[in-house]
Amino acid sequence: MDIVVCGAQVPFMRGGAELHMDNLVAALNAAGHRADLVKIPTAWDRERLLDSALAWRLLPIDADLVIATNFPSYFVQHPRKVVWLFHQHRPAYDLVDTTWSDFGSDDASLEAQRLLVDWDTTALEEARQVFTTSKLVASRLERFNGMASEPLYHPPPLFDRLHEGPFGDYVCCATRLEGNKRPLLLANAMHYVEPPTQMVLAGKGHLDAELRALLVSRELEDRVSTPGFVSDDDLVELFAGAFAVVYAPIEEDYGYVTLQAFRAGKPVITTEDSGGVLEWVEDGVTGLVTENSPEALGAAIESLSNDRDLARRMGAEARDRVATLSWGPVVDKLVAR
Amino acid sequence: MKAAPIHVPAIEIIADGRIPDSLARLLRVCAKWCHVRAGDPRLAVPDAKVAVARSRTQVKRVLENSDVPCAIWVVGEEFTVEEVEREFSLPVLARVLMFESGAQTQIVGHRALGVSPNARFLGDHACVPPFIRARWRLRLGLDENFTVRVGVPDALKPAEGGFSASLAVAAAAVVSGEWLPVALMLGTPVVTDKASVDALGIPAEGVCVVSDQASTDEALNALIESPERVAALSRAASRFAREHLDLGYAARNLMHRLGLARPGLHVRPWHETQLANVLDAMNTPLTAPIRQRALELSSLPLGSY
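For the record, the sequence lines run as chains A and B.
Straight run, no breaks: the first sequence in the working numbering ends on number 337.
Straight run, no breaks: the second sequence in the working numbering ends on number 1305.
One or more of the hints may lead you astray.
Claimed, not checked - In silico DMTMM-like cross-links for lysine to aspartate or glutamate, where the CA-CA straight-line distance does not exceed 25 Å:
1) Lys135(A) / Glu1225(B)
2) Lys39(A) / Glu1296(B)
3) Lys39(A) / Glu1272(B)
Said to hold, decoys possible - DEER-style ranges, computed between Cβ atoms:
4) Glu282(A) / Arg1229(B): 38 to 44 Å
5) Gly1259(B) / Ala108(A): 35 to 41 Å
6) Glu47(A) / Leu1142(B): 25 to 31 Å
7) Arg1229(B) / Glu317(A): 34 to 40 Å
8) Arg1139(B) / Pro60(A): 25 to 31 Å
Simulated from the structure, these hints should not be mistaken for lab results.
This one's a predicted model, so the numbers in the text were calculated from it and none came from an experiment.
The C-beta atom is built at its ideal place from N, Cα and C for all residues, glycine as well.
My request is simple: use the sequences and hints to build the entire structure.
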């Protein structure tokens, strides 16, 4: 059948959501459907938040099925609309009153928030079925919009290429260097880790300069490398050679890094407020879960550095946990109704 | 160039005798969006008619003489659209039969519309979800568990605006009587008595029902302690009120069925203003089809603003 995948995008930004959309389209095509991706720019600031939502309402989408993904792409109108929700506009929901939100307690913010909740609920209720990327996203939808949904897990990018390897002398993470990913927290943790353990922090973002300054001030330049964006080949080898992966975003929706680490047979060190990551990382079984402090993260890195057998056992268990992930069942569910 | 005037649809009333109160109230709300007038052969043909019929014979007469979409308000007799079609061997020209259906406002047959005698215009009230209520309470410096009692014997009697604003931010409320539809529409988690529930035909999932004062306080406290229950009640209540107790919803529903629905005739929601600004900036005439089309395509379903 002809399927249009709908996604919103902030121009010049590329991360997990964009990879997710691309891979979904590829999986649909591989399953014999004719799939295409339609993306519309969006702006996250409060004043322009609903502009893109309105634009989606006006789009003529000629297809047998429409799969909407992130806010506000699910405002698209189609008689056969299925939503696979990556996330809503979190600054108006669970991130309100944090540094990542421009929704305050003023009258305008509260009314904008009320209206957004009303619109979101209406647009999502139009869908024949609502899936989410994780239990966490489903629980937010239940909590804020009173809607039931079904988590639908899918394999991360490079799933077929990631492989096990030696448990070397470093931990790694590949993520956008943005506030919600907390790269500074990861780098700071190395202050509490003994040499020769190293950290590789791949990725780029707005915190690039701040991260480099931190490494200088903490005299960690020789122990934390920041190669920027790395190629797929390099990323696969980066995971393969680490003794653990450290990943501590705030309330992550899903978190490809976790699944990629597991696929490479590596345990993941994370924090108790990392959201969807905790659906996979079981403390002491597939990784370590700590407080969100540099000291606690550093201690966890140190403990696995000193006990590679434990890291190997956790890594093996982690690899088993993701062994059954595949796109086939995901596609079947999405096109079923 | 002067733009052509916008056509405002006209509804003609056909009634031998008194117009039932419920219909009169419904038509007063329809008048927000269209001309509602008595039948007069000197005037232009209306866009639709609303007729009152007190017998099957009158229903038949209206059907035989209706040359425009017609709604028939049936008084006294209960029958379905299918029965009318069968009995008179006529294709039913009426788009809708309306029944004043007591506490129950279920749709009777695919072309019938029930209008609760308890319905009133609630379009000024929008649902405030529980977590935004909590933020409002914080902003206003109210207690986290701020509750309201409205319509109960020991209730305070602030001005109407005070009631409405209080209900909009309350964590939960004990409400009965005339304020119950407002509280439900606002999405206030409500504790009430069985008589009120029966009078409005509220489903069990929409309110928390109690029998006496002691159980009222107990239920109120238990409700506040359960965020999940609060959220479920809030949404179910608001949905029920919007679809069954709001004359604005019923009027728009009626106009839609008569082919008179026209986005933008109500108080403009935000997106319509945005769209209008964009279209005006492009020098788009008021009568241009794209203006109508843009409004139609961008409208969210009834009650979503």
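Comparing the hints with the structure gives:
1. At roughly 24 Å between alpha-carbon atoms, Lys135(A) and Glu1225(B) fall within 25 Å of each other, so this suggested pair holds.
2. Pair hint Lys39(A) plus Glu1296(B) holds up; C-alpha atoms about 23 Å apart against a cutoff of 25 Å.
3. Using a Cα cut-off of 25 Å, the hinted pair Lys39(A) and Glu1272(B) holds, with the two alpha carbons roughly 23 Å apart.
4. Hint check: Glu282(A) to Arg1229(B), Cβ distance near 31 Å, so the stated range 38 to 44 Å is violated.
5. The hinted window of 35 to 41 Å between Gly1259(B) and Ala108(A) holds, with their beta carbons roughly 38 Å apart.
6. Checked against the given bound of 25 to 31 Å, the beta carbons of Glu47(A) and Leu1142(B), roughly 28 Å apart, stay inside it.
7. At about 39 Å, the beta-carbon gap between Arg1229(B) and Glu317(A) stays in the expected band of 34 to 40 Å.
8. Checking the proposed 25 to 31 Å range against Arg1139(B) and Pro60(A) shows it is violated: the Cβ atoms sit about 41 Å from each other.
Of the numbered hints given earlier, the model fails hints 4 and 8; all others are met.
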